[in-house]
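K.L.:
Using the hints provided, position chain B relative to the given structure of chain A.
Number of protein chains: 2
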Amino acid sequence: MNAKYAELKERLGEIQDLRGATSLLAWDQQVMMPGNAGPVRAEQLGTMERVAHERFTSPELGRLLDELESDAASQPYDSDEASLVRVVREDYEKARRVPADLRAEIARAGANALPVWIEARQSSDFKLFLPALRKNVELSKRYVECFDSGRPVYDVLLDDYERGMTTAEVKAVFDELKRELPPLIAQMAEHASEDEFMSGPFPIDKQHEVSLDVIRRFGFSEEGWRLDRSVHPFCSGTATTDIRLTSRYSETDLTSLFSAMHECGHGLYENGVDAALERTPLASGCSLGLHESQSRMWENLVGRSRPFWRFFYPKVQAALPALANVEEEDFYRAINKIKPSLIRVDADEVTYNMHIILRFELEQEIVNERIDLAELPEAWDAKMKGYLDVDVPDARRGVLQDIHWSGASFGYFPTYSLGNVMSVQIWERVREAMPDLDAQIEAGEFGELREWLRENLHRHGRKFPPKETLERVAGGPIDPAPYVRYLRSKVDDLAGVAT
Amino acid sequence: MNAKYAELKERLGEIQDLRGATSLLAWDQQVMMPGNAGPVRAEQLGTMERVAHERFTSPELGRLLDELESDAASQPYDSDEASLVRVVREDYEKARRVPADLRAEIARAGANALPVWIEARQSSDFKLFLPALRKNVELSKRYVECFDSGRPVYDVLLDDYERGMTTAEVKAVFDELKRELPPLIAQMAEHASEDEFMSGPFPIDKQHEVSLDVIRRFGFSEEGWRLDRSVHPFCSGTATTDIRLTSRYSETDLTSLFSAMHECGHGLYENGVDAALERTPLASGCSLGLHESQSRMWENLVGRSRPFWRFFYPKVQAALPALANVEEEDFYRAINKIKPSLIRVDADEVTYNMHIILRFELEQEIVNERIDLAELPEAWDAKMKGYLDVDVPDARRGVLQDIHWSGASFGYFPTYSLGNVMSVQIWERVREAMPDLDAQIEAGEFGELREWLRENLHRHGRKFPPKETLERVAGGPIDPAPYVRYLRSKVDDLAGVAT
Chain A
1 MNAKYAELKE RLGEIQDLRG ATSLLAWDQQ VMMPGNAGPV RAEQLGTMER VAHERFTSPE
61 LGRLLDELES DAASQPYDSD EASLVRVVRE DYEKARRVPA DLRAEIARAG ANALPVWIEA
121 RQSSDFKLFL PALRKNVELS KRYVECFDSG RPVYDVLLDD YERGMTTAEV KAVFDELKRE
181 LPPLIAQMAE HASEDEFMSG PFPIDKQHEV SLDVIRRFGF SEEGWRLDRS VHPFCSGTAT
241 TDIRLTSRYS ETDLTSLFSA MHECGHGLYE NGVDAALERT PLASGCSLGL HESQSRMWEN
301 LVGRSRPFWR FFYPKVQAAL PALANVEEED FYRAINKIKP SLIRVDADEV TYNMHIILRF
361 ELEQEIVNER IDLAELPEAW DAKMKGYLDV DVPDARRGVL QDIHWSGASF GYFPTYSLGN
421 VMSVQIWERV REAMPDLDAQ IEAGEFGELR EWLRENLHRH GRKFPPKETL ERVAGGPIDP
481 APYVRYLRSK VDDLAGVAT
Chain B
500 MNAKYAELKE RLGEIQDLRG ATSLLAWDQQ VMMPGNAGPV RAEQLGTMER VAHERFTSPE
560 LGRLLDELES DAASQPYDSD EASLVRVVRE DYEKARRVPA DLRAEIARAG ANALPVWIEA
620 RQSSDFKLFL PALRKNVELS KRYVECFDSG RPVYDVLLDD YERGMTTAEV KAVFDELKRE
680 LPPLIAQMAE HASEDEFMSG PFPIDKQHEV SLDVIRRFGF SEEGWRLDRS VHPFCSGTAT
740 TDIRLTSRYS ETDLTSLFSA MHECGHGLYE NGVDAALERT PLASGCSLGL HESQSRMWEN
800 LVGRSRPFWR FFYPKVQAAL PALANVEEED FYRAINKIKP SLIRVDADEV TYNMHIILRF
860 ELEQEIVNER IDLAELPEAW DAKMKGYLDV DVPDARRGVL QDIHWSGASF GYFPTYSLGN
920 VMSVQIWERV REAMPDLDAQ IEAGEFGELR EWLRENLHRH GRKFPPKETL ERVAGGPIDP
980 APYVRYLRSK VDDLAGVAT
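Protein chains in written order, with this note's numbering: chain A, 1 to 499; chain B, 500 to 998.
Isolated chain A (complex conformation) (with noise of 0.2 angstroms):
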């Protein structure tokens, strides 16, 4: 057993440190490079993805997983052993469906894509990104086609992002958002504050250096991350140990703290992996959908709280003389004003799950083949519309906001708001195990709360099933209800207040 699983640890550090590579890529790509370099660098985030796919599907580690399996079965089954045995050979499974021409032409196509998507965001030319879609929406069809399994196409997509979830079983979570939220929104409506304190100026030194501040707060060890700026804000990196963070500034708005708040959670998701998973597919976090409840829960459930703003709202108010006169009760309701607004990364807690249920439905309709692409802005238009009651001035500010499909990510969205419920699945098992939590946010004490989490859910990366995982750290299955009940409880306290 040794020698073969050593060798099966070597193969996969390999193709890990491959990946890694190609982490880098993509990072550089978003963060760094010179434009010019865009074709060459489409070209080498493929050929890394095909030598990495076609080095993980090569039949020696097929073998090897064979001749390692019946030992693993005998080994404890939270084992790094038999976890990395089990995880590997699923994935392994599912990758060797896919051939190494097609990964590649998909990496290719997506960092083509990307700065098309940029620039077409910023002239609002729908049109101009037309062609990269409908190439991803193609590329994609052919992925699905791979597996060959009767299984619905959108299963299959949302597979990659989160393992073992069916496209039935996300519908039910959020047809219970669909019914409990609009009137959560309707009850807002009559309370909206005015804050045009929020409108800045903020310098952006300043705020990159608040942000900075906050990271460095909710715990990362200095010389494991960084932080810089890029057209859409994301977390990457290229081992645990290596985190990179991004954010957005814009001088009229406070966005970019929730950002920063937002990425370092994945970040501190990825750096609490187990130290001795490092360079194993394993060395991750589970799923998405777990990733996102971290982000979100530091993003919102810390970094919209009371206690937080009330310990940390002076360093704010003393780096931003904007908001030198501004009350702290008003401006913890203007960060958290419940209002339909047109741009996702920038919604409420409330209405941003109505955006993520539009992308949802438009993205079955799209890899269905039940819409004409060219018609898409009409059909986001016509949802916002109908979802939020906003009209849509143009296609920046509508349905070409967001990154992911550029990179050809359907599936992806479902997972923002599936971590927004199990964040606060979470949430609830930290309360049983800290109560005097909040007096520690108050405090700006985020230990304790950052160690829960990497002992009850980061160190495991992995090595078991998001469901089992989240089993593990929040003692049941998917459920909206504690998401639905704090959005509640929070609507009602800012109504109370603002009557």
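These aren't lab readings, by the way, just hints derived from the structure by calculation. C-beta: ideal position from N, C-alpha, C; glycine also. Each hint should be verified, as a subset may be incorrect.
[Said to hold, decoys possible] Sample of chain A residues with no beta-carbon within 12 angstroms of chain B, all distances over it, derived:
#: 1; residue: 43
#: 2; residue: 57
#: 3; residue: 78
#: 4; residue: 138
#: 5; residue: 144
#: 6; residue: 221
#: 7; residue: 324
#: 8; residue: 329
#: 9; residue: 331
#: 10; residue: 471
[What the hints assert, rightly or not] One-sided and incomplete, this derived list gives chain B residues near chain A with beta-carbon spacing under 7 angstroms:
#: 11; residue: 519
#: 12; residue: 523
#: 13; residue: 543
#: 14; residue: 547
#: 15; residue: 724
#: 16; residue: 740
#: 17; residue: 950
P.N.:
This is chain B only, laid out in the frame that chain A set:
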């Protein structure tokens, strides 16, 4: 021919993509990477090196070359096709002698030695660096043994940086410099001028702006490059369209300016390679010596010339108030002060070569095991005393000052002085072609110079061997006479002005 040739280009393109990713990993390590990522980065670099090497030395590539060679011979010698097959055959025969494991180990050892060197240099502690150095020397010995050639050890190492040149040929050039330069140094000793104004303070952000200004004027397309900071300035990148320059800044000197010009010179060479060669092993400078001929040309022949400062000095004065009351002539003499000093990269044009000769001689001692590595600092200090009459106060300003040995780059140093020599040979051809060169530089016009270099040198990339490439651009073999003439005339001028 066409299908086979297309297959060759596709295989080489993939290998070049892997090398581009490797280059990004190495750039990132020095410029961006959080410190904790060091150990994993070393594994990543080792793996990338191994995978690229395995692909390049595959029997399939050898067979393709066999099949293409007779066809290629019927193409014009200087066609891209014939050149690619010819150069790749030579690269292939060299590479397949080296096991992929050794390649990976050398890359890993270098990546692991880098932070050790940085710390040892900072604390001036040679003993701290010694184990990494021993490891690198041992790996270099194993590398040389792969060739089993009966050639001198140093010849084998040198060949990786200056293909086709022997230690004896280098020595012949350096012997002439050793004879001709000391009298020039002695001549200037009596003309040491006061230049306290050269210690600033020069605000770092202003230095950075001035550096960017120079690089733009020298002529990069704005979307083709970036300039960052690193411990040791360098130029790298992932493609001819993606040039990464680095510099370093100190408030108390202006070396950053000359670093920027130097690295820009390297970058213009890489960027100037014919676009048709992109994603092939020909898409790079021909040799390190020729590379240095370009960096040293922009740094010294342009950047330390009177016409350049007649144009640029008012701009620098405007940016750096510490120079407000300094006359142009005093500034010109200060940046051309010829005086023995401790640090190679800060040395003047004349004494610089003595730093190189010292390293060239020590490296031969090292790789031929004629010196106990523990005694290297003493040997270094003795040579500094002998060649430059300088007392070395500590290892930081002595044996530990350069990055190269942390990456086992033995044989690299001589190319700096070879570049100096070649730069003036090429410069004499430029002067013949552009009689009004000084007037153009004085007017801030660098376009014709840059295009001449592109046309006569840069665009060829690695199509021809270094000696042939030098013949093409300079009209003859390497010859130190023009360089010595240039230095003597500069010294006479400076001495004349000073008396």
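K.L.:
Sort out which numbered hints this structure fails and list those numbers smallest first.
P.N.:
Checked against the structure, the hints that fail are numbers 1, 6, 17, while the rest are satisfied.
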